[in-house]
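J.: Below are the chains, spelled out letter by letter.
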Amino acid sequence: MDSIVKRLSGRYSWLLFALAAAFVCAALRRWQLASAFEEATGLPIPGAPASVILTCVLMMAAAWFLILAVHQPLSNRPWTPSQAHRWDLIFLDAGDPVYPILVVLAAFLALGAVPFLLRTGLAQWQVYREAKAALEQGFDAQLPTNNGMLAMATAAGSLLSFLGLLQMGRDGLRPGRRGRGGFSAALPGTAGCVWLMESFRGHAANPVQWDYAPLLLAIVCGMLFYMDFAGMSTSAARPRRLLWMAAMTLVLSAAAIVSALAEHTLADLLLLFAQTLTAAAVLWRLPPNLEKPPTINGLPFPMPHGDLTL
Amino acid sequence: MENWESEVERNWENTPAPDPGPEADQPDPGGGKARKEASDGRDLYLNIRVLVIMMTAFVLMFTFVARIIVVSGPSMLDTLHNGDLILVWSLGYSPKQGDIVVVTQESYQEDSIVKRVIATEGQTVDINYDTDTVYVDGTPLKEDYTKERMQIPTYGEGLNHVTVPEGCIFVMGDNRNHSADSRFPGIGIVDTRCVIGKGIAVMFPFHRWKGL
Chain V
1416 MDSIVKRLSG RYSWLLFALA AAFVCAALRR WQLASAFEEA TGLPIPGAPA SVILTCVLMM
1476 AAAWFLILAV HQPLSNRPWT PSQAHRWDLI FLDAGDPVYP ILVVLAAFLA LGAVPFLLRT
1536 GLAQWQVYRE AKAALEQGFD AQLPTNNGML AMATAAGSLL SFLGLLQMGR DGLRPGRRGR
1596 GGFSAALPGT AGCVWLMESF RGHAANPVQW DYAPLLLAIV CGMLFYMDFA GMSTSAARPR
1656 RLLWMAAMTL VLSAAAIVSA LAEHTLADLL LLFAQTLTAA AVLWRLPPNL EKPPTINGLP
1716 FPMPHGDLTL
Chain W
130 MENWESEVER NWENTPAPDP GPEADQPDPG GGKARKEASD GRDLYLNIRV LVIMMTAFVL
190 MFTFVARIIV VSGPSMLDTL HNGDLILVWS LGYSPKQGDI VVVTQESYQE DSIVKRVIAT
250 EGQTVDINYD TDTVYVDGTP LKEDYTKERM QIPTYGEGLN HVTVPEGCIF VMGDNRNHSA
310 DSRFPGIGIV DTRCVIGKGI AVMFPFHRWK GL
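The listed protein sequences derive, respectively, from chains V and W. For the first sequence, our numbering gives the first residue as 1416, with consecutive numbering after it. For the second sequence, our numbering gives the first residue as 130, with consecutive numbering after it.
It should be emphasised that the hints constitute simulated quantities derived from the structure, not laboratory data. Note that the structure is predicted; figures quoted are calculated from it, not measured. Fair warning: there could be bad hints in the mix.
Simulated crosslink set (DMTMM-like; lysine to aspartate or glutamate; CA at most 25 Å straight-line) [what the hints assert, rightly or not]:
1) V:K1547 - W:E239
2) V:K1547 - W:D213
3) V:K1547 - W:D240
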């Protein structure tokens, strides 16, 4: 019983604090949207309490998760002859369906964003083509600065994210043939680059940073989180940083989700929910596994080159 | 075979964690090939991570610190030309008279516009088209940057006598006869919160590179 409590304590402290901070930040963001901007112009009200408190809470959450990360119990890195010191299969726990369910759900949310992004991109491309044709025929028209390519590239990135997340969910149930569990997280990580550019492009002329800073920060944190996730299957793993990134991804995404709901940007909403679920899955699975890495028949990892004999 | 519940087990109490000594000290039955694969995975990961971190740094810098803006239109001739790429400083900037600023006045258009600050809060602007002179607080401005002699715009004189309210600026283009600026009622006095930043240099084309 004691060992079970010990096993779950890290998991619960991370999840509890991350979800609480996410809830508080979402509520504050909602309050900020309702009270911290002028109705007529949409410009921010200087020193609005909601903005100040939200900033403080975000900074306090970052500091608190840093403290939690520093104190996270960590066993020695597992070692096998072919794979050196890597946290391969650290997300493995065949008896626990929570992780794969969350990650596979995240995969399908990322897939769900594809049609919305494609529709946006194609619409922008159509407007661009029409304006270009009008200019070529000598009509007075203004060429749009956005030709829709970034939105379509983000759709392609979301498709890659779907594949990567699907593989990550599978790796939580059973080890991959090469024991590279986690490396597929690099797919949503790199796809996040395009999403970030698309979001940045959409707000490049917006002088109100509060309109888009939560979204950009959530995407950035999500990208770095996915990259740290991928790094767990290399010898460059940073498990404590991954936990911090996962918690902050959850918190920042919650604030950005409120904005996406207010602006009815469905693609952003789905992608934010996807990274939120993945972060929650990591906070659920990683702390106990870091403390006691899973073993297979007494070995920390499968034998080299997938020669797993059980 | 697929019963992973029985195959995967946690050895909580009995198996001590492996010693994390250096890799070279460990036996290596997998041979150099396997070690190379592990190394390749690390290298690939590090390369991708560098890409992601660079992208992150790029976007964060161009969001909160500085931006690159493309000048659109002839309103700032001869200081800035259509298509010039200018570096704009945003972090901690508050507009000052004479600065070239990038502003977004959504009541006029969603894209940003580039203009020069003529007056800041509390100052009074008087425009005399007959003498081609702009007065700020009664003092004529020495404007060697304007393209040509100022004429009355097609929409009339517009805002030609105004005291700038608190938290606002009065902006004009250097090409006064082809510039929609604070004189134009559709734009008017600009709130400083609409200012994206101050233009500090022309970045491209290279032959027009200069500080602003």
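J.: All hints are to be evaluated individually against the structure, with a verdict given for each.
T.: Hint by hint, here is what the structure shows:
| no. | hint | in the structure |
| --- | --- | --- |
| 1 | V:K1547 - W:E239 | 20 Å, holds |
| 2 | V:K1547 - W:D213 | 21 Å, holds |
| 3 | V:K1547 - W:D240 | 18 Å, holds |
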